[in-house]
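**Student:** Use these hints to put chain D onto chain W, whose structure you have.
One line per chain: the protein sequences are W and D, in this order. 127 is the number of the first residue of the first sequence in our numbering; add one for each residue after it. 46 is the number of the first residue of the second sequence in our numbering; add one for each residue after it.
Derived from the structure by calculation, the hints contain no laboratory data. It is possible that some hints are incorrect.
One-sided excerpt, in silico: chain D residues whose CB lies under 8 Å from chain W [what the hints assert, rightly or not]:
#1 V55
#2 R57
#3 P58
#4 R99
#5 N117
#6 S118
#7 K125
#8 I127
#9 P148
Restricting the straight-line Cα-Cα distance to at most 25 Å, the calculated cross-link-like pairs of lysine-lysine (DSS-like) are [unchecked claim]:
#10 K485/W with K56/D
#11 K461/W with K56/D
#12 K345/W with K473/W
#13 K397/W with K373/W
#14 K280/W with K125/D
#15 K65/D with K359/W
#16 K354/W with K56/D
#17 K461/W with K125/D
#18 K56/D with K421/W
#19 K65/D with K456/W
#20 K295/W with K65/D
#21 K125/D with K359/W
#22 K305/W with K125/D
#23 K65/D with K446/W
#24 K354/W with K125/D
#25 K397/W with K345/W
#26 K280/W with K65/D
#27 K295/W with K56/D
#28 K125/D with K497/W
#29 K305/W with K65/D
#30 K125/D with K295/W
Negatives, chain W to chain D, calculated, CB over 12 Å [said to hold, decoys possible]:
#31 G207
#32 E391
#33 K581
All of these numbers come straight from a predicted model, not from anything done at the bench. Cβ atoms here follow ideal geometry from the backbone N, Cα and C, with glycine treated the same way.
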Amino acid sequence: RGGSQKRTSRLNVDTDNNEFAEFEEFEVDGDAPDDVNNVYVETEEAGDENYDIQDEEEEDAIVEDDENEFEHFQDDEEFEGYDSDRTTVNRAENKEVPEPRLNITPVPVHFRSNWDSFYLEMLMIAGLVVYFINFFSGKSKNSKMANLWYSTHKTVLEDNFSLVGDDGKMEIESRGLIKESEHMYTLWCSGRTCCEGMLVELKFLKRQDLVAVIAQMMKPSVDQIHIKVDMGKDDMDCFVFCVAAKKTALRLSKDMTDLSLFCGERKSGEKLGLPSNFSVMSEIGEVSLAILDSKVMAIINRYPELIDYIHFSDQYSGPKQQEEQASLTKLPPTKKVLLFGFNIQLKGRTVHEAIEQHKPLLNLVFYCMEKVRRYRLSKEGKNKADKNRLKVEEAFLKTTHAARAEAAAARREEKRRQEKERILQEDDPDKQRKWEEKEMKRQMKKKAPKMKQLKVKAL
Amino acid sequence: MHTSTHTNDVKRPDREHRYKPQVANPNSVATEDLTPDYMNILGMIFSMCGLMMRLKWCAWVALYCSCISFANSRVNDETKQIISSFMLSISAVVMSYLQNPQPMSPPWPTY
Numbered sequence: 127r128g129g130s131q132k133r134t135s136r137l138n139v140d141t142d143n144n145e146f147a148e149f150e151e152f153e154v155d156g157d158a159p160d161d162v163n164n165v166y167v168e169t170e171e172a173g174d175e176n177y178d179i180q181d182e183e184e185e186d187a188i189v190e191d192d193e194n195e196f197e198h199f200q201d202d203e204e205f206e207g208y209d210s211d212r213t214t215v216n217r218a219e220n221k222e223v224p225e226p227r228l229n230i231t232p233v234p235v236h237f238r239s240n241w242d243s244f245y246l247e248m249l250m251i252a253g254l255v256v257y258f259i260n261f262f263s264g265k266s267k268n269s270k271m272a273n274l275w276y277s278t279h280k281t282v283l284e285d286n287f288s289l290v291g292d293d294g295k296m297e298i299e300s301r302g303l304i305k306e307s308e309h310m311y312t313l314w315c316s317g318r319t320c321c322e323g324m325l326v327e328l329k330f331l332k333r334q335d336l337v338a339v340i341a342q343m344m345k346p347s348v349d350q351i352h353i354k355v356d357m358g359k360d361d362m363d364c365f366v367f368c369v370a371a372k373k374t375a376l377r378l379s380k381d382m383t384d385l386s387l388f389c390g391e392r393k394s395g396e397k398l399g400l401p402s403n404f405s406v407m408s409e410i411g412e413v414s415l416a417i418l419d420s421k422v423m424a425i426i427n428r429y430p431e432l433i434d435y436i437h438f439s440d441q442y443s444g445p446k447q448q449e450e451q452a453s454l455t456k457l458p459p460t461k462k463v464l465l466f467g468f469n470i471q472l473k474g475r476t477v478h479e480a481i482e483q484h485k486p487l488l489n490l491v492f493y494c495m496e497k498v499r500r501y502r503l504s505k506e507g508k509n510k511a512d513k514n515r516l517k518v519e520e521a522f523l524k525t526t527h528a529a530r531a532e533a534a535a536a537r538r539e540e541k542r543r544q545e546k547e548r549i550l551q552e553d554d555p556d557k558q559r560k561w562e563e564k565e566m567k568r569q570m571k572k573k574a575p576k577m578k579q580l581k582v583k584a585l
Numbered sequence: 046m047h048t049s050t051h052t053n054d055v056k057r058p059d060r061e062h063r064y065k066p067q068v069a070n071p072n073s074v075a076t077e078d079l080t081p082d083y084m085n086i087l088g089m090i091f092s093m094c095g096l097m098m099r100l101k102w103c104a105w106v107a108l109y110c111s112c113i114s115f116a117n118s119r120v121n122d123e124t125k126q127i128i129s130s131f132m133l134s135i136s137a138v139v140m141s142y143l144q145n146p147q148p149m150s151p152p153w154p155t156y
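Chain W on its own, in the form it takes in the complex (with noise of 0.2 Å):
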């Protein structure tokens, strides 16, 4: 039995007091081994047939920690009838194959083993419940500020409006603001001298989504209120007015199809006793200086960071709408509408003291109807505004002629279609008779050659 039984019943004694005998043991006997399988194998050639015996007392003696728990995965010994240097011999070739390898592929660790591996699982959910917070306080203080507009505004509304708040269903349900969405509310009012309705637009800042506030602090916007006026059929003239800070009067003079078909060029606003960064566009000459009257002035002049845009005009159908010009037959629906937009400034105010400062302009608002509709055009003024509306209506004419052209064609095609089966349908043979010779006759008259016959007088 030899050397191997006195090695291993030393290893037994030791290892009761001293957990790394095994380590030490293994420096004295001078081989070099790097982890414990190696140990394993040698021992295993020197007593092959009786290791099993002193395998299992080893394993009762040896305390088994943590890490090694798996160990005996990576040892060939745990498969039984199995020798990993027992070659076979491949009868057909009678070469030496070595035994295939056999061994347990790694299964991925367990959850509930190792949880801070899972660092950018944290940071995503982290990021999910501060978009959420960010999106409660946002949406919260949207509404405080609409609800707050509502009821700083609400008393001078009354005054002006029998109906303030209507949602468009059958009975109206909530009388105030509708909320079209976290950042933007509108409001419904009618009911008034000189205008068929007015829509206030308050457009907010997308507070509630983390995304756009961080979008916002790159590239800076404001909270912004458009108050749209329907007016009646003969409650204003023929003209078109735009007086818009610079930046928005370039945009909106690309955009609006009404300005751009009549304003010409943008005139800065110094000339006319504006502050410096507002531009006017301008149909008439004339207009400009009849709405720019000294109270007019004096607002704009006052609170020239609060108005973004004034902008009248009986010939608006919106921003220009982009399938091209060419396919449309008929020109798109006109308005008479008064437009503003008003920036809500908050930097250095409180809420409060930003929505106190709109009150004078909704009554700007109120002052220019009154004004546009006492307001009635010079006679060259007038010239000058049937002029251009007749000079539009040609152009849009001549480019949509070939897409009216086709359209009569369909029309005319689907007539013929119509009559001819209503005169199959009849049972009368002649009458079919008759139609058809007409039709025939018809169809040759335009088959026929153009160019004229001519009569040769036989010799």
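**Tutor:** For chain D alone, kept in the frame of chain W given last:
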């Protein structure tokens, strides 16, 4: 600056017009905010590729996209679309963790 017309009442109940959302601003569609729709589609794409290619970070990005589209959604949007986008992205996250519970590998190559 007070309005001088308070003497005679300006209110005209007979000229009242009811609010018709389409008529009031028909061309508001052109200037409408398209973020919720874009985010919805993006979320759909990310959760699909999170499910198909088992990329965990795709599933998480899908979850963020559906949150953003929820935040920007309009009131008259029907909620079905929002709920379905949330369900899809949450299922993408759960499925990618059920298939292999390894911690997530970030999209940027880690050396």
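**Student:** Are there hints from earlier that the structure breaks, and if so, what are their numbers?
**Tutor:** The structure conflicts with hints 4, 7, 8, 14, 17, 21, 24, 25 and 28, although it agrees with all the remaining ones.
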